[in-house]
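Chemist: Line order of the protein sequences matches chains A, B, C and D.
Sequential numbering from 1 applies to the first sequence in the numbering used here.
Sequential numbering from 1 applies to the second sequence in the numbering used here.
Sequential numbering from 1 applies to the third sequence in the numbering used here.
Sequential numbering from 1 applies to the fourth sequence in the numbering used here.
Derived from the structure by calculation, the hints contain no laboratory data.
None of the values given here were measured: they were computed from a predicted structure.
Among the hints, erroneous ones may be present.
As the list claims (entries may be wrong) - Chain C is faced by these chain D residues, among others (derived, beta-carbon under 7 angstroms):
| # | residue |
| --- | --- |
| 1 | 40 |
| 2 | 43 |
| 3 | 129 |
| 4 | 185 |
| 5 | 280 |
| 6 | 319 |
| 7 | 359 |
| 8 | 404 |
| 9 | 423 |
| 10 | 431 |
| 11 | 446 |
Stated by the list, open to error - Derived Cβ-Cβ restraints for the label pairs, each shown as a range:
| # | chain 1 | residue 1 | chain 2 | residue 2 | range |
| --- | --- | --- | --- | --- | --- |
| 12 | C | 506 | D | 297 | 28 to 36 angstroms |
| 13 | D | 195 | C | 212 | 48 to 56 angstroms |
| 14 | C | 506 | D | 323 | 20 to 28 angstroms |
| 15 | C | 624 | B | 78 | 48 to 56 angstroms |
What the hints assert, rightly or not - Below, computed lysine-lysine pairings styled on DSS-like, alpha-carbon distance capped at 30 angstroms:
| # | chain 1 | residue 1 | chain 2 | residue 2 |
| --- | --- | --- | --- | --- |
| 16 | C | 251 | C | 239 |
| 17 | D | 360 | A | 198 |
| 18 | A | 97 | C | 469 |
| 19 | C | 469 | A | 13 |
| 20 | D | 363 | C | 442 |
| 21 | D | 202 | D | 379 |
| 22 | D | 273 | A | 216 |
| 23 | D | 117 | D | 47 |
| 24 | D | 363 | D | 202 |
| 25 | D | 360 | A | 97 |
| 26 | C | 320 | C | 301 |
| 27 | D | 339 | D | 363 |
| 28 | C | 469 | A | 14 |
| 29 | A | 97 | C | 239 |
Even glycine gets a Cβ: it sits at the ideal position worked out from N, Cα and C.
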Amino acid sequence: MVRVDPSFVERVKKLGAFDITACYNCGNCTAICPLSSEGHEFPRKLIRYSILGMENKVISAPELWLCYYCGECTDTCPRQADPGGLMMALRRYAISKYSVGKIARIFYDKVAAAFSWTILSLIALIGLVMFMNPNVSASEMEQNFPFCFIGKEFIHDAGLVLGVIVVALALVNLYIMYRSISLGYSRRAKGSVGLWVKNLVLTLIREVAAQLKYTKCENKLRYIGHMSLFWGFVGLFIATITGFLRDYYDIMIPPEVSLGLGVIFGILLIYGSLYYMVGRFSKKEAYAKYSHHTDWVFLWLLFLTGITGFLITIFRFMGYPFLTYVLLLVHLVVVFDLLITAPFTKFSHAIYRPLAIWLSDTMDQLAREAPGEKEAVAEVSQ
Amino acid sequence: MNEGGSEPLILVFSTNTISDPGIDFTGLMHLHYPTRTVIVRLPCSSMVRPQFVLYALTHGFDGVFIAADGPDCPYLAAACVDITSQRMAEAQNLLKENGIKPERLAMAGICSVCAEPFVRSIKAFYDRIKDLGKVEIGEV
Amino acid sequence: MSEEELRIGVYVCHCGGNISDYVDVKKVVEAIKGEPGVVVAKDVMFACSDSSQNEIINDVKEHNLNRVVVASCSPKLHELTFRETVKRAGLNPYLYYHANIREHVSWAHTDTREGATEKAIRHVRAAIAYVRNAKPLEPIRQKTMHAVLVIGGGIAGLRAALDLSRTGLNVYLVERSPFLGGRTPQLYRVYPDGRRGADIVKDLVSELIRRDNVAIYTNAEIKSFSGYIGNFEVEVEIKPRYIKVPYDEIKEKIKELPDEIPDEFNYGLTKRKVIYYPYEGAFPRIPVLDLDHCSDVETIKELLGDAVDLEQKPETVKLKVGAVIVATGFDPYEPKEGEFGYGRQGVVTLPQLHRLMDLGNGELKLNGREIRDVAFVYCVGSRQKKSSEEEEVNEYCSRYCCNAAMYISSLLMEQGIRTYHIFRDIRTYGRHERMYDEVSRKGGIFIKYNEDEPPEIEEEGDKLLLKVKDLLTAGEQLEIPVDLVVLVTGMVPRKTPELDELLRISRGRDRFYVEVHPKLRPVETAIGGIFIAGACQAPRDICETLSSASAAASKAATVTLRDVIELEPFKAEVDPNICDLSKKCIEICPYEAIEIKNYEGIGEKAWVNKAKCMGCGACVAVCPTEAIQLNGLTNEQIRAMIEAAGKEVII
Amino acid sequence: MSVKSWYERKYYGEIEDLPEEEYDVLVIGGGIAGIQAALDLGDMGFKVVLVEKEPSIGGFMYKLSKTFPTMDCASCIATPRMAQVFHHPMIDLLIYSEVEEIEKKGEGDFRVKVLEKPRFVDSSRCTGCGQCELACPVIVPHEYDWGLAGRKAVYIPFDTAVPRIAVVDLDHCIYCGQCERACPTEPPSIDFTQVPKIHHLKVGAIIIATGFHLFDARLKENYHFGEYPNVIHAMHMDRLLAPTRPYHAILRPSDGKEPNNIAYILCVGSRDKTVNNPNCSQICCMYSIKQAQLIMGALPLADVTIYYIDIRAFGKAFEEFYQQAKDMGIMLVKGRVAKIEQKENGDLIVWYEDIENGGKLCKAEHDLVVLSVGLLPNKEIANVFKGQKLEVDDVGWIKPVDENANPVETSIRGVFAAGTALGPKDIPDSVIEGGAAAMQCAAYLSEVRGRH
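All chains, please: the whole structure from these sequences, using the hints.
Modeler: Written as structure tokens, this is what we have:
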């Protein structure tokens, strides 16, 4: 027995699923979806869960993350109920649900989010200013360009601390998500470690590195945009690490490598974020018709990360120290904002999605091997 | 064609609004059926008096075919089928009593554009009557 | 006529080759030249052309012809043409027969010229045999009354009466209950424009009562009925109201009476007095004393004095009308005790919801409690499954209910009330789909149940708990706490056994009145001159009811606007001298056209009412003595045609 | 087609202007609703002129096989009515004619211009023998059969046409003159000297019964109508099932195979905001169920599956008809087909969600897919009114001015509408509205003429 809770859909509607109750259950969305598959039908199933207020079913549904928002369901929905928009809204909802102490909710509330971002940015700024080298001379500046202004060591240490915190938070969030999703499956299906590892590797290669599911969407440009964004970010991360490795551990990586990587992946990141920003601005495609503020923040942070990093390099070579310093400040603040909130914002789909795919693939496999067990859906208690 | 009447002669009762136009339509489509068929139109197939059938079979005809309206009948609608069937049964009894094979009477529902069905049924009936031969009183 | 010498003219058409290419027209003419009575036998290129028609007219005059046969195309095309031709030549048009030698002969037998020619000869011979036995016929001219009786004062009856009176016809409107309007005034608001049901009725009534050619009888019933199309005689009995003055004059005094009787206008949700006036604006404005439920006549006399007159007696009015429109309407389905929780506190029907909303002036309250969540359960009393033969169930879909429930739930949702819809199929057909869209878009929750697993309704605290298995969510068992359950009930036809008996109109398997033919004659009954309109024929909404009422009015106008109606002369006729009164014809006639009549000097024999006879001939086939025959196609003619066509053809 | 475009085609130098004729009522549209309205008015004693733009009256109904739910044959109902209106002494027909312009001068006084297109066949002489049709060397797809079969450039519109006379299709005529030589009448009925005529009518009231057109299924791209040969629309199927059908068999278009697994997809172009038609088309459920029942009769071994969203069997005896279909073994699946794929052999794969059986994503193979297309309004009529505006709704159906008082009255007093000009509806409802419009006309005319 499930008690119908109409308030749930009201909450989800606020996250972008404005028209979803218009659904008249024709099933077109599920059947047109290139990613929906037998056993993992969506989005209509989730429409029903949402409308009836079956929250536990929603957050235990790996289908949320199997959806890449191609938009075909929305484009062909005869009632224009925007099923794709619901899936997106549910992901937003799920992100806030999966997070430690439901912190992520803050970022999905417009006012609280604005407040939090400001505070975070200020913390970063104050921290940076506090650790700024106040009496740096002009010659030092030239010599130790640009890190004389803020201590390299500080950035390194702060970065490490930040990294540890973010990873820890992310792991906790992932655990919460794992708990949620596994509720949708029989708990007995444990499987061997080997299978789990094998599937993890496969997921990382297929769905993280190559993002094969995304290719099933009709619009291939968006796949390229997403890949650019993803690899741009990853590449820049690697480029940054190469710098660190060189500067702190004296591993002899030629600076040209860092620079080259930075330029290539910076361009990718900028292209990717611009592609999505233009898309969301022009609102032509289904996914871009409605943009939640978290979508914009995420894109802006990515874009700013890329563009400031890029400009720093340019100004540095052109010899504009002041501009470089200012931009460095901005860059560091943006990167701080981006990373510290990553487990709680849209960024977190980067970890939830692979986990969901990994879990569902493996559990499906186990369920197939032990037929009838998947049906025994465990009762969820909240 | 007509060699001393070795070929049977069929009387077709059609109905003004439905089956007669249906037979018209057969002509329109230039579909062929035996020529030795004479069509007499009535308002409704329920008007066929059993005695008419006997009269026809004793006045030169070898078979009587009722092209009925079926449930499309503008007068009696679905009841037409039942009423006409009753008349058919009576007529067949009357034929038997008079020593004529009741198979010489047949009925089919012919709609106003039922060209093919008409040709099919009238041909089948014609062949059947041909096998029975000319009417002879006392054939049963 | 029989004394007269037969002089027949036969014209065989070439149809410009259409016939002559496959039929040897000359041979046909040769073959029939010798037939007795044939004076002129010719072949013509185009019989239907002006010149040929004139040729026929000239021949009639020149050769003194008194019978004509044209053998050409299908009679469907030109039989009327040639009847006109013959008429212009001064002959009775029914002394003509049309032989079909194109569609039935030449076109069907393009493969054998010889066979086709033989068949053509047989057809022409049969035609000649027909005319030889033909008698002149006159169309039956029936004087009609310029008046129409409308039975039922709901919107269908009102619309029909108004339409007819606008054309100048006299209209008699008879309503069984004491007030006009039928079921419509009970509706709170109706889609698509949100008008109040009472206002719709008020508009129609106020237009109608302005007219001087309309007589309205309320509290009246049909007592006797006879006659036929164009001329019906009807007796209407008007029951007494016992109250003589308008409502406003005794309004205050009525208030002093105690509430006694469940108010049927509010479906028993409230009580009414023994003197009642159901709703503001009801017509006529004179209240009624419900004497059957009145226990204390004396108090009433005392209280109302002269306003009440217990001596009133039923009156009878005799009417003569040309046509009758039956618009007796429907009753809402009354669920059985326990059906979908009916009988429980908080479970009401859709008509009751309308009354609740109307009584609350749009606010929905039940026993003073505010309502937050409402569940609509659809298909109550409709689409029922038949479990045994005897059981009377409604297998039909009631058509209007989805739309009606959808509209009223959109009104509820405007007040912030949440709606749940427990349905089987949402049938908001046509543009009503917009209402479904609107309700779901606004947040109405739709749950589809299986007919075999209907929702269960239980009590939970001061709320109701609706339990249902949702087909749309893989059979998930759901629980919905609600304040009010609305059973969306269908329509059942109003039961009027006495009227059915009097008018002799029949009902179908669904117990609604049945039309002669749903497409050709959708508002006509098998009895000529009696038409049906509105929800007594099938479940309908207001808009469709109004259309069908106007359509029925239109048919009634085609009968009554003219002074005479001309009926084809092809009618059955009884020769009383032969009739043995087997009554078989009476039994078989589907139109109740045959009666027993006392013929002077002969006694009781069958008699055909030609105004009722449709000329099907079913009676002809069953008459044991051939006393009953069809004019225009007598048994003699049929036999003559058979004989002529069966003769051997020697070419 | 406007006069101007006739000029532009330069076939004719002139247009014949005819003197004004007076009628009580103009009925626009010779379909079943218009015919019913004309007959009722004629029987009441009004003088009626019925304008039909096609070369025969009959509208849509004569193309159908049988009609639901009584399964009576459409021709048996339509053709006698057509003949009746043709022979009615009070009714004149203007066939192959279009209303160009309507101007309201006052109550009960409308001035109408009607363009009568030249038939190039003298209707007083033509006997409908069809010799010209046999002689004509040009073959083009026949509209009557929705292009399933062919016709000639000179042709009799269809076998039960009223009037049953030929018409020359000048767009395809090659001016070989064979028809003229083949015509048996003297002089030949074929007459290439005919010119368009303008009829000037003075009428008291107008009934619009201009009907509907079918949704263009090509707009639903995922169904690949017009691209995959075995995806047809339901009116094709109705022709294939009719007694007057083109091939005397039910064959699928790609290879002429007899289909044995047929799918119906409902709501194609209806209840669909992506094609701007949020309305339900009201008849598609039922005509699909009707066809499915007829297919079960014609091809007893065939499987028929109907994919639906809601089955709208709402009219008199419809629900019973629907239950009967289920009992006959017709499969009904709740789930809208989202896309169709074609296999090499022409078979089709449909994708849908089987909603009532757990919501499984399914693929099914069929050898023929029938799209139950919806109905859309014929919008041209709203443009012919000069000076006054005929209100239509956002889809284009004529909007009654007050649905709950007088459902057939339009925004222009004295102009009434009937049948599918007001919205999708079935034959009984159209016939009823034809009668209702006739009644309203009669009442209106009586009032404005002061008879009462």
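Chemist: Give a verdict on every hint.
Modeler: Hints and how they fare:
The interface hint given for residue 40(D) is met, as the beta carbon of that residue sits about 5 angstroms from the closest beta carbon of chain C, less than 7 angstroms. Checking residue 43(D) against chain C: minimum C-beta separation of about 4 angstroms stays under 7 angstroms; hint holds. Interface hint status for residue 129(D): upheld, as the beta-carbon distance to the closest one in chain C is roughly 4 angstroms, under 7 angstroms. At its closest, the beta carbon of residue 185(D) sits 6 angstroms from a beta carbon of chain C; the interface hint therefore holds under the 7 angstroms criterion.
Nearest Cβ of chain C to the Cβ of residue 280(D): about 4 angstroms, under the 7 angstroms cut. The hint holds. Given the 7 angstroms rule on beta carbons, the hint for residue 319(D) holds: about 4 angstroms separates it from the nearest Cβ of chain C. Contact between residue 359(D) and chain C, as hinted, is supported at the beta carbon level, the nearest pair being about 5 angstroms apart and thus within 7 angstroms. This hint holds: residue 404(D) has a C-beta 5 angstroms from the nearest C-beta of chain C, less than the 7 angstroms allowed.
Among the interface hints, the one on residue 423(D) holds; its C-beta lies about 5 angstroms from the nearest C-beta in chain C, closer than the 7 angstroms criterion. The beta carbon of residue 431(D) comes within 5 angstroms of a beta carbon in chain C, closer than 7 angstroms, and the hint placing it at the interface holds. The closest approach between the C-beta of residue 446(D) and any C-beta of chain C is roughly 4 angstroms, which is under the 7 angstroms cut-off, so the hint is satisfied. Roughly 29 angstroms separates the CB atoms of residue 506(C) and residue 297(D), a value that falls within the hinted 28 to 36 angstroms.
For residue 195(D) paired with residue 212(C), a C-beta distance near 53 angstroms keeps the hint of 48 to 56 angstroms intact. Restraint check, residue 506(C) to residue 323(D): a C-beta distance of roughly 23 angstroms satisfies the suggested window 20 to 28 angstroms. Under the hint 48 to 56 angstroms, the C-beta atoms of residue 624(C) and residue 78(B), about 26 angstroms apart, miss the expected range. At most 30 angstroms may separate the alpha-carbon atoms for a hinted pair to count; residue 251(C) and residue 239(C) meet this at roughly 22 angstroms.
Between residue 360(D) and residue 198(A) the CA atoms are separated by roughly 29 angstroms; this keeps the pair inside 30 angstroms, and the hint holds. About 28 angstroms separates the Cα atoms of residue 97(A) and residue 469(C), which keeps this hinted pair within 30 angstroms; it holds. This hinted pair checks out: residue 469(C) and residue 13(A) have alpha carbons roughly 25 angstroms apart, not beyond 30 angstroms. A hinted pair counts as satisfied when its Cα atoms are at most 30 angstroms apart, and residue 363(D) with residue 442(C) does not qualify at roughly 33 angstroms.
A distance of roughly 24 angstroms separates the Cα atoms of residue 202(D) and residue 379(D); the hinted pair therefore holds under the 30 angstroms criterion. Distance hint between residue 273(D) and residue 216(A) is fulfilled; the C-alpha atoms sit about 25 angstroms from each other, no more than 30 angstroms. In summary, the hint linking residue 117(D) to residue 47(D) is supported, as the alpha carbons are separated by about 23 angstroms, within the 30 angstroms threshold. Only pairs whose Cα atoms come within 30 angstroms are accepted, and residue 363(D) paired with residue 202(D) is rejected, the gap being roughly 60 angstroms.
The straight-line distance between the Cα atoms of residue 360(D) and residue 97(A) is roughly 28 angstroms, inside the 30 angstroms bound, and the hint therefore holds. Restraint check: the Cα-Cα separation between residue 320(C) and residue 301(C) comes to about 38 angstroms, which exceeds 30 angstroms; the hinted pair is violated. A threshold of 30 angstroms between alpha carbons decides the hint, and for residue 339(D) with residue 363(D) the separation of about 10 angstroms falls inside it, so the pair holds. A threshold of 30 angstroms between alpha carbons decides the hint, and for residue 469(C) with residue 14(A) the separation of about 28 angstroms falls inside it, so the pair holds.
Straight-line distance between C-alpha atoms of residue 97(A) and residue 239(C) comes to about 73 angstroms, which puts the hinted pair past the 30 angstroms bound.
Of the numbered hints listed earlier, those contradicted by the structure are 15, 20, 24, 26 and 29.
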